[in-house]
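Enquirer: Required output: the full structure, derived from the provided sequences and hints.
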Amino acid sequence: WLLFFRKLLNNPFLLSTSELLSKHFPHWIHLGRSLRKGKFPYKDNYFVYPVCIPFLSMFYPPHLISAWLGSFLDLDRAFSFIVSTELIHYLLCSFLSFTMFSQWYPPEVALFGALTLTYMAYSIKLINPCIVYTIAWIPGMFIQGWLGWFSLGMALLGGYYPILVYIFPFAVFLNPY
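Mapping to our numbering: the sequence shown position 8 is 8, numbers consecutive.
Do not take every clue at face value.
[What the hints assert, rightly or not] In silico DMTMM-like pairs for lysine to aspartate or glutamate, Cα to Cα no more than 20 angstroms straight-line:
no., residue 1, residue 2
1, K23, D44
2, K7, E108
3, K7, D44
4, K23, D76
5, K23, D74
No lab work stands behind these hints, which were simulated from the structure alone.
Expert: Here you go:
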C-alpha cells in the first residue's frame, strides 16, 4: 500500500482533476459544513436533491464522518483529507481481499490474490470516491458470515451501483446466511 500510493501520500494534489475536484470535493465540503451546523443537507445548491444521487455517497458512514472532520480544516488540508480517506479504503480492500482468498487458498496464494485484486488497473479509480468506497467492500461481500453481509451493506451505501449489478447476485448466492 505504501509503495503503491507513495506519490499520492507525498502530494495528494496530483488528484486535483476531473470529478474529484469539480463534483465530489465541493459537495463533500458542503456536506461537512452542513453536518457541523447540525443539519443534514437533503437539498443543496449544487445537485438540488443529493440524497437521490447514489454516487454522492450521502449515506455512507465513513464519508459522512470524513466530511464532518474535514469541515474543520482549511481547503488544502481538507482536500488532502478526502484523498487520504480514499487511500485508506485501499488498505481496507487489501485486508478484505486477503481474508476472502484465505477462505479458499493457502496464505501465499491469498496474499498474491489480494495484491492483484486490490491494485489491478480497474480498481484504481481515485477520481471518484464512490467507486473507491464500493470497490473496497466488494471482496468482503464474499466472506462467509456477518462480515459478508456488513460488506454488502457498506458497498450499497458507497453508491457505485453499475458494478454491484453484476456482483450482487453472486455475493448473495455464495453467502446465504
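Enquirer: Taking the hints in turn, state whether each one holds.
Expert: Hint check results:
no.	hint	in the structure
1	K23 x D44	holds, 13 angstroms
2	K7 x E108	violated, 27 angstroms
3	K7 x D44	violated, 34 angstroms
4	K23 x D76	holds, 16 angstroms
5	K23 x D74	holds, 18 angstroms
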